[in-house]
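**Q** Spelled out from the first residue to the last, the chains are:
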Amino acid sequence: MDALLLARAQFAANVTFHILFPTITIALGWFLLFMRWRWLKTRDPAWLGAYRFWTKVFALSFALGVVSGITMSFQFGTNWPGFMEKTGNVSGPLLGYEVLTAFFLEAGFLGIMLFGHGRVSERVHMMATFFVAFGTTMSAFWILVLNSWMQTPAGHEVIDGVFHVKSWAEVLFNPSFPYRFAHMLLASALTCAFLMAGLSAWQLLRGQSERSAPKVLRVGLTVAAALIPVQIFVGDLHGLNTLEHQPQKVAAMEGVWETQRGAPLLLFAWPDEATRSNRFEIGIPKMASFILTHDFDGEIKGLNDFPDVHPPVATVFWSFRVMVGVGMLMLATSWAAWFLARRAGWAPERIPRLALWALAGMTFSGWIATVAGWWVTEIGRQPFVVYGLLRTADVAATTVPSPMIALTLTMYMVVYVALIFAYVTVLKYMAEKPEDVLQPDLVEAAGAKAAAALVAGGKA
Amino acid sequence: MSFDEALPVIFMALMGLSMLIYVISDGYDLGVGLLMHRATPEEKDVLIASIGPFWDANETWLVLGVGILLVAFPKAHGLVLTQLYLPVALMLIGLILRGVAFDFRVKAKAVRKPMWDRLFFAGSLLASLSQGWMLGRYISGFGDGGWNYPVFAAAIALALPAAYALLGAAWLIMKTEGALQAKAVHWAKLAWAPVVVGMLLISLATPWISETVRERWFTLPAFIALSVIPVMTGLALVVARLILDKPIVRGELCWLPFVLLISVFCLGFVGLAYSIYPYVVIDQLTIWQAASSPAALKVILIGTCISVPAIAAYTVFSYKVFWGKATELRYG
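Which chain is which? The protein sequence lines are B and C, in order. For the first sequence, position 300 (counting from the first letter as 1) is numbered 300 according to my numbering, and the numbering increases by one without interruption. For the second sequence, position 116 (counting from the first letter as 1) is numbered 116 according to my numbering, and the numbering increases by one without interruption.
In short, the hints are calculated from the structure, not lab data. If you're wondering where the values come from, they're calculated on a predicted model, not measured in any experiment. Some hints here could point you the wrong way.
Pairs of lysine-lysine, BS3-like flavour, derived with a Cα cap of 25 Å [unchecked claim]:
1) C:Lys189 to B:Lys56
2) C:Lys109 to B:Lys56
3) B:Lys433 to C:Lys107
Build out the structure end to end from the sequences listed, making use of the hints.
**A** What follows is the structure, encoded as structure tokens:
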């Protein structure tokens with residue numbers, strides 16, 4: 001395999017692995033803040049139990065996010081040395097601000113958030129939790145600014161092949177940023193909501209955590225059911241934005257080869273780049289045109305209008321279908337389960353077992369949809385690294401031999417697969433541990449401890 | 001020197017400072033990782049507890065250091081990281097393993113705990129060995145074509161883990177009590193000799209391996225002024241060794257070895273900086289050749305001036321919260 005493809009595979013493996021964990025922590029930080037607030041407000045130990053359990057999930061996810069994020073910061077240089085040389089004036093400050101305003105904030109306050117209870121006052125602890133949540137969200141902001149700029153570059157000028165910033169406002173709020181940022185934050189909220197609902201459903205099925213799990217189930221399921229329609233709406237807006245700025249990406253997503261009016265919505269097809277046509281096509285006539293242009297006879301530009309500058313079709317086409325398919329499944333599951341749970345008055349023993357099983361099965365559905373979505377947008381940007389202006393092949397490392405990339409790629413893959421396996425296994429194990437093993441001091445000491453913490457906080 | 005010309009110097013200083021803070025802060029927690037296999041299962045929990053609240057933030061300094069290299073000196077970033085392709089990958093695998101082992105060891109099934117402890121040790125070792133190798137390659141300006149270059153890099157690859165272990169032991173002397181503290185004193189004594197030998201060899205070998213460094217140091221009168229650095233380093237190491245034999249190191253002065261070792265790292269850093277400046281890659285690329293446009297650097301500088309004091313403030317706050325002897329960590 002050639003070095004470019006290997007370098008791309010390695011980077012793709014790393015970003016795919018990385019995004020799994022920020023997708024959880026971005027939203028989980030805010031959920032933790034909510035649980036903490038409920039505990040302070042109601043003094044119901046179930047909320048404290050929920051907070052503690054999910055803090056552990058946060059710590060684990062955060063650690064995986066940090067280590068894979070560090071890897072990424074190095075791979076910019078090892079895999080794409082030309083990227084920073086050419087776009088450093090734009091991407092440098094964005095990445096710099098991400099580290100300075102977000103990464104340090106979350107890492108700095110994480111220690112206090114995780115282990116500081118009892119050492120600082122409730123208020124300071126709440127603040128630390130807030131800073132961690134805020135830091136992860138800020139991190140997403142800067143990274144998505146940069147990613148959106150690579151998709152829809154604006155506010156720059158190119159002098160001798162090097163990018164210079166003309167307007168930071170235009171760079172920050174480049175055309176696709178608002179859509180991408182909203183789409184990603186919602187993806188995070190949904191991924192986390194399904195994780196919470198799914199893991200809690202699993203705990204209820206196993207008869208564990210009878211105090212906290214129903215509460216977390218209700219929060220997760222309600223947020224999931226409420227946000228999934230919003231996500232579908234925002235996703236549609238994002239698609240229209242892509243059609244405007246990156247028509248060949250949409251052509252690949254829809255499998256449209258020739259420019260046509262009244263393009264069908266393909267439910268199944270096998271795009272074949274050799275013959276430049278689809279095999280085994282099954283579609284709804286005129287539906288793609290309607291979705292994309294809101295007109296049954298709207299024109300969709302075909303891939304053949306963009307010779308040599310369109311992405312690999314089959315991967316984008318299929319990733320898009322996986323994302324949408326999982327999204328629809330999330331809609332159906334969350335709405336059905338929410339109505340069933342509501343009818344049962346949210347009493348865990350009266351919620352149909354089938355609904356709990358369905359939610360447990362969907363625990364990691366957000367991961368699949370998020371990764372598929374990122375594959376659509378990132379592979380859909382190829383063959384460019386900065387859309388329309390800079391080709392990926394022109395920024396790749398030329399001095400690193402292919403076998404060395406293949407070797408490190410294999411090492412990374414082994415570690416990533418093992419860690420995903422370990423993560424899922426440990427989450428399942430933690431969920432199955434009885435609550436009283438998890439928090440031996442919970443029942444008797446919850447109230448007393450909080451009071452002591454308030455006193456100790458004054459001294460610290 | 002105009003402000004625009006001074007910008008790369010400012011960023012070189014910032015990058016150096018981040019790397020120094022990284023080496024010291026992650027150095028002690030990597031060092032604790034290297035000592036893991038010498039501790040009993042109960043002691044392991046205390047070892048982890050002593051670094052648990054800090055390691056995330058410690059590693060962030062590496063991201064900042066590499067970030068500044070990436071952002072301020074993009075040409076050097078590409079050159080350095082493609083030269084160090086394999087050791088970087090190994091270091092990253094090491095950092096991944098130890099970073100996650102931290103969290104997995106207490107959350108996984110009890111029977112799996114020893115496995116995660118071993119991975120924590122292995123990850124710490126792999127990361128420190130790779131960092132040492134990279135430092136060696138970097139000091140020699142990525143020289144190749146002679147047997148001396150790999151030997152030099154290998155020597156530093158062995159010396160750096162020893163230095164981290166010494167620093168980690170000193171951290172534990174400060175953060176633990178009782179039998180574990182006595183063990184930490186013993187570990188510090190064990191690590192001391194290899195560190196001193198390593199530093200001596202490297203100090204002698206560096207001028208030999210690089211002509212630029214030789215000219216920098218061995219010209220009069222600079223040599224006399226510069227001799228302060230090795231003399232003070234030696235003094236700090238000797239005092240640290242002497243105090244390890246005194247009972248007071250387990251009492252009031254438990255912080256002294258750690259502080260002395262930090263000063264050793266700082267002095268080593270000053271010596272290195274003097275050897276390299278104004279190059280970012282020795283004999284190949286000066287900081288001005290490698291720097292981004294002044295416009296981009298100014299934008300980052302504004303953010304740096306605002307955020308670095310804030311980072312310093314909450315880092316100090318975090319250390320204050322977890323001040324004193326390490327106790328069991330509890331999520332709350």
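**Q** Work down the list of hints and note, for each, if the structure agrees.
**A** Okay, the hints, checked on the actual structure:
no.: 1; hint: C:Lys189 to B:Lys56; result: violated (37 Å)
no.: 2; hint: C:Lys109 to B:Lys56; result: holds (14 Å)
no.: 3; hint: B:Lys433 to C:Lys107; result: holds (10 Å)
In summary, the one numbered hint that this structure violates is 1.
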